[in-house]
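All chains should be built: construct the whole structure from the sequences, respecting the hints.
Protein chains: 2
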Amino acid sequence: MDAIISALDVAMSRAHFIIVTGGLGPTPDDLTRDAVARYFGMTLAEDETLLKHVKELFRQRGMTMPETSRNQALFPIGAKKIPNPHGTATGIHIERDGRHVFALPGVPVEMRQMMTEYVEPTIGAAYCGGQVRTRTLRLTGIGESHLLAKLGDQSELQSRVQIAYLPHHGLLDLRLTAHSQDEHEADAQIAHAEGFIRERVGHHIYSTGATTLAEVIGNILVNRSQWLATAESCTGGLIADMITDVPGSSQWFERGWITYSNDSKRETLDVPAELIERYGAVSEEAARAMAEGARKNAGTDWGLSSTGIAGPSGGSEKKPVGTVWVAIAGERDTWVRNLKFSGLRETIKLRTAHAALSFLYAQLTDARL
Amino acid sequence: MDAIISALDVAMSRAHFIIVTGGLGPTPDDLTRDAVARYFGMTLAEDETLLKHVKELFRQRGMTMPETSRNQALFPIGAKKIPNPHGTATGIHIERDGRHVFALPGVPVEMRQMMTEYVEPTIGAAYCGGQVRTRTLRLTGIGESHLLAKLGDQSELQSRVQIAYLPHHGLLDLRLTAHSQDEHEADAQIAHAEGFIRERVGHHIYSTGATTLAEVIGNILVNRSQWLATAESCTGGLIADMITDVPGSSQWFERGWITYSNDSKRETLDVPAELIERYGAVSEEAARAMAEGARKNAGTDWGLSSTGIAGPSGGSEKKPVGTVWVAIAGERDTWVRNLKFSGLRETIKLRTAHAALSFLYAQLTDARL
Chain F
0 MDAIISALDV
10 AMSRAHFIIV
20 TGGLGPTPDD
30 LTRDAVARYF
40 GMTLAEDETL
50 LKHVKELFRQ
60 RGMTMPETSR
70 NQALFPIGAK
80 KIPNPHGTAT
90 GIHIERDGRH
100 VFALPGVPVE
110 MRQMMTEYVE
120 PTIGAAYCGG
130 QVRTRTLRLT
140 GIGESHLLAK
150 LGDQSELQSR
160 VQIAYLPHHG
170 LLDLRLTAHS
180 QDEHEADAQI
190 AHAEGFIRER
200 VGHHIYSTGA
210 TTLAEVIGNI
220 LVNRSQWLAT
230 AESCTGGLIA
240 DMITDVPGSS
250 QWFERGWITY
260 SNDSKRETLD
270 VPAELIERYG
280 AVSEEAARAM
290 AEGARKNAGT
300 DWGLSSTGIA
310 GPSGGSEKKP
320 VGTVWVAIAG
330 ERDTWVRNLK
340 FSGLRETIKL
350 RTAHAALSFL
360 YAQLTDARL
Chain V
0 MDAIISALDV
10 AMSRAHFIIV
20 TGGLGPTPDD
30 LTRDAVARYF
40 GMTLAEDETL
50 LKHVKELFRQ
60 RGMTMPETSR
70 NQALFPIGAK
80 KIPNPHGTAT
90 GIHIERDGRH
100 VFALPGVPVE
110 MRQMMTEYVE
120 PTIGAAYCGG
130 QVRTRTLRLT
140 GIGESHLLAK
150 LGDQSELQSR
160 VQIAYLPHHG
170 LLDLRLTAHS
180 QDEHEADAQI
190 AHAEGFIRER
200 VGHHIYSTGA
210 TTLAEVIGNI
220 LVNRSQWLAT
230 AESCTGGLIA
240 DMITDVPGSS
250 QWFERGWITY
260 SNDSKRETLD
270 VPAELIERYG
280 AVSEEAARAM
290 AEGARKNAGT
300 DWGLSSTGIA
310 GPSGGSEKKP
320 VGTVWVAIAG
330 ERDTWVRNLK
340 FSGLRETIKL
350 RTAHAALSFL
360 YAQLTDARL
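Residue numbers (numbering that gives the first Met the number 0), protein chains in the order written: chain F, 0 to 368; chain V, 0 to 368.
Calculated from the structure, these hints are not laboratory results.
Errors might be hidden in some of the hints.
Repeated chains share a single entry, so a pair holds when one copy, or any two copies, can fit it.
[As the list claims (entries may be wrong)] Simulated crosslink set (DSSO-like; lysine-lysine; CA at most 30 angstroms straight-line):
| hint | residue 1 | residue 2 |
| --- | --- | --- |
| 1 | K51 | K149 |
| 2 | K149 | K317 |
| 3 | K339 | K80 |
| 4 | K79 | K317 |
| 5 | K79 | K149 |
| 6 | K80 | K54 |
| 7 | K339 | K295 |
| 8 | K339 | K54 |
All values reported here derive from a predicted model rather than from experimental measurement.
Structure, rendered in structure tokens:
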């Protein structure tokens, strides 16, 4: 309790907007609600609306609210509520002397939504020190260091906007931020910077904002009324998981296979046993046969496959851990790409999944990435 | 730069161990290396060993190191290196007046490994204020609020250990921490607390420490020489992804299907078209037929299935978003469970995947969860 209050005190002395996450749940280690109330000298009281909300959430899950969850309805009198439609912990917003404290739950999906729908607009409305504009360019097929080389001298760019380089296992986000007293000026700075970057690496940009690579692929496929099937070995379902995170993916993703054993590659994707015997299950030939088998057996326009050695064991001198093939089968042809990754098992899975989606995106847009 | 230095200054005035993450990469927004060196009055110089390490990592990926990545070999003279076998950014450890600063890269998998292998042992060795012991109990099939009700009065427990409640979408970790001047005393406190908890909810504990639920399932199956196949609809590959995150899962996971379309359920899992027409693809009957089809067609001992409405659309009054069935087919019987979740699409996928693995674990251990 003392640590939270002391941190609030330091934060209030330095910042105008303070975001606190976690500690709003029902268990005894959830102290943030009490700490915030105590720091601001507010009284906690049970709130009728909140109690109804908590009971309703338990009802939706087919349960009765246990008494221990009743404290989820306690709220500091005088604070504003930050709605949390999907969770029992309502957020707390307190304004004092032009400074704002936002207490949000720690559950990532709940926190993110409350951040986007309440905190960001509130900060936007309250911020009087000028205009801030941000824009995120999402790139595939290029790493940080090669991007820097292609952008060349950035001194003019850096004088107008701040650039954050945010790599995600083979994908790369560039977040541009412009500050100005004038909103049109801030918009112009961002537009200029985006133009500068697009001129040099435009074909690597698959989206702006929050749209994922799988979502962009889905939009292209839906527009063409085309369908996709996947056949995964080393990614073990991760590619399909990314695809099915996209709402409405059932309109373009038909089915997927996770063919971990050699038998399953043969039985479900018609990969010939002789092929596996001759070249191995981790090979260009196997990746090609898997993508083609997935396309044919699902009756889809596109087939996508992955095969590789995710480690930590299973590597050899010729095919060390991180050796991967991804393949795309389409109407006209089948394309195969060999990749070499290093890192832990989960990293290799992630990098392979991103590389496979990136490869499919390149085929769909005829881009050379 | 000023913000980082000012944060270091505040941290050094309050804490003995300071962990900084991020800002060690090759791009111009990576300022932590410079900031740390400046704060401690150290000079940055190119380090031969580090340069070799960076070049080797690029070579492993089949690339030549670009000049922009050369700064990854810069290191503050007099600081200790924290090895990062999987990434180009080596960590920095500086000790000053009994206070320790650890600068780690922000890439989660790299950071975690360096934390476990270097930072934690270093803090353990340097910490002279007493002994700290922690132990994590991982629970399934019970929520925070019901756990609290079952534990009853915790005042005696709380006087001996600190308990952190860490929920993960239907799974729950309890982290116990004991402080004492004497290490045997700290161990005894933890053992006592664990005994207290096991007595009340022992059958919900699937592991202690870092072992995941999928890993525990894998250990059971390997010991019995049994195999598993999955048939996923609403989880879209997430269950197989969790399974294949486990090293060596190819010794017990045979194959998986992601049957998003009705055709795929019929063609690959032999779910009768009439069954889907009569009960719907999201139904107890479909879940049962999917699990049995997966088990039969893969020729495995166990079949696991999921079907449900992950949202945001596709719900109806009778089957609202979050309606889910999971099923386990075994030699003796097939078990089906109906679940109701609320939340966003990704949350429903996660909760369903955890529920399915939890259900399989219950069948494998004959536990009633």
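Which hints, by number, does the structure contradict? 2, 4 and 5
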